[in-house]
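K.L.:
Chain residues, written in single-letter form:
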Amino acid sequence: MSALMQEMGERALRLGVPFSAQIDLTYRCNEQCVHCYLDHEDHGEMTTSEIKNLLKEMAEAGVFILTFSGGEIFLRKDFFEILECARSLTFCIKLKTNAVLIRESQAARLRDLGVESIQVSIYSHRPEVHDAITKVPGSLRRSVNAIRFLKSQGLKVVMANVLMTQNMQDYHGVQALADELGAECTLDPTVTPMMDGDRSILDLNAGESALRQLFRDEAFVGNADAFCAPPPVPDENSMASLPCSAGHTACYVSPYGEFYPCVQFPLSCGNVRQQRFIDIWRDSEQLKEVRSIRLRDLTSCSQCAHGSTCTRCPGLAFMEGNMRGPSTADCEKSFARTGIPSANLLAKKETTSVPRLVQIQIVPAITGSRLAGMAIAANAIAS
Amino acid sequence: MKLYVARSPRIAARMLGEEMLVMSGQGSTLFTLNPTATILWKAADGTTPLAEIVERRICSEFEVKSEEAQRDAESLAQDLAKHGILLISEQPISEQPIAKTGAPVQEQQQP
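Taken in order, these protein sequences are the chains called A and B.
Heads up, our numbering is the position in the first sequence plus 103, with the first residue counted as 1.
Heads up, our numbering is the position in the second sequence plus 529, with the first residue counted as 1.
It should be emphasised that the hints constitute simulated quantities derived from the structure, not laboratory data.
Quantities reported herein were computed from a predicted structural model and do not represent experimental measurements.
We put the beta carbon where it would ideally sit given N, CA and C, even for glycine.
Do not take every clue at face value.
As the list claims (entries may be wrong) - Per the computed footprint, the stretches of chain B lying under chain A, defined by three or more beta-carbons under 8 angstroms from a beta-carbon of chain A, are:
1. 565-576
2. 609-619
Stated by the list, open to error - Cβ-to-Cβ under 10 angstroms is the rule here; a few derived chain A residues that face chain B:
3. Lys-254
4. Ala-279
5. Asp-282
Unchecked claim - The calculated BS3-like cross-link candidates involving lysine-lysine, where the alpha carbons are at most 25 angstroms apart (straight line), are:
6. B:Lys-571 with A:Lys-197
7. A:Lys-254 with B:Lys-611
8. A:Lys-159 with B:Lys-611
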């Protein structure tokens, strides 16, 4: 993130402006990814006219960065009509897609409409691995062809790779493919629970040793010693800090109009079919509660050594049962990175006869700038 | 010689507080426009000559001599054009494809 963008984000926070938002246009999808958290049935998506009205309300409320995602956005027959409306309202548009339905003509239209970037899900450079994850034979070939079409139009493409047990060994290959195609590449080592609370897909998460291997891989994290260094003791500023931008400067709207702080934070704050977007943003009691939470208010994390550097996701914590509680997936990442168990993991260890994480890694000495390492990792690993 | 200016259809823009945020399609570069540049950018409809925009919208708003304002505005317009934010022509610029269906810039509501 550029310094100016960060400054604008801080200004939006001071002004109470929803600087960025994501709309999932549909949960329907032409892929059936093994790790997907969505119910792909259509339970009554917003109509074209409802979405256009929402876009006007979002523009009036100050939304600048708008992400269209799904499901697969190109399954909506009115997708380009919606996109054209959004661009006429001068949003900065980002798209998330598997790109399977993008051909030359769609790529050219995306260029003409001034889309800022297109994120394409790519799980492996090997068809047998990627296609097994999407459960669609030929899907890697089609997605890669689409990336070529998009790049030939001069568009910015980001390949998004979710790391899990099936593809953990392939991330170097995906990075090489991205380099060959002229695309950027992000890694996310977190599989999230289904939106209905079903946690069975968490079994797909890469294990601790795989995460450790990733966090020591200097091709992705920069200076590994710095990246994996023990966290500094949380100070007063850390204790007063916000968990993340969800509900503060960012929000999410589902295909059915439900308003949430974030796509990963299924706390319903209202429905844009019944209320104006700005009224929900301004007056929702749920959002006010989310906004009131500081690190010092968190039950376990306020006592945790990782408090100042943890990537704790409040949405994952909410899905674990308490938005003021820990997110165990993030505790496990902090542990894999530094070898230091979080307060939450220590508490779990005390109450569990067979601990999940039993080996504490010896932490190497700090040899470089910790912040520099974190910055590089933040680019490499979208967690 | 008359100059005409139009907002580029490839940019994203939004008012944030007192400043206009503009994201150029060229390299996803983010800019903030000061109040004068914001007035110029908002008034750049492709059909109103730049000189008229300066007289009506800038000289009336700021204590500045007309000649000086015209010179500064031309320089500013050239600068914005270099970044792909503004289009400049000696002829009126026809309606831009993306701007045809909606309001050019929405001011935010402060919650």
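K.L.:
Compare the structure with each hint and give your call.
P.N.:
Here is what the structure says about each hint:
| no. | hint | result |
| --- | --- | --- |
| 1 | 565-576 | violated (count 0) |
| 2 | 609-619 | violated (count 0) |
| 3 | Lys-254 | violated, 15 angstroms |
| 4 | Ala-279 | violated, 24 angstroms |
| 5 | Asp-282 | violated, 19 angstroms |
| 6 | B:Lys-571 with A:Lys-197 | holds, 24 angstroms |
| 7 | A:Lys-254 with B:Lys-611 | holds, 23 angstroms |
| 8 | A:Lys-159 with B:Lys-611 | violated, 30 angstroms |
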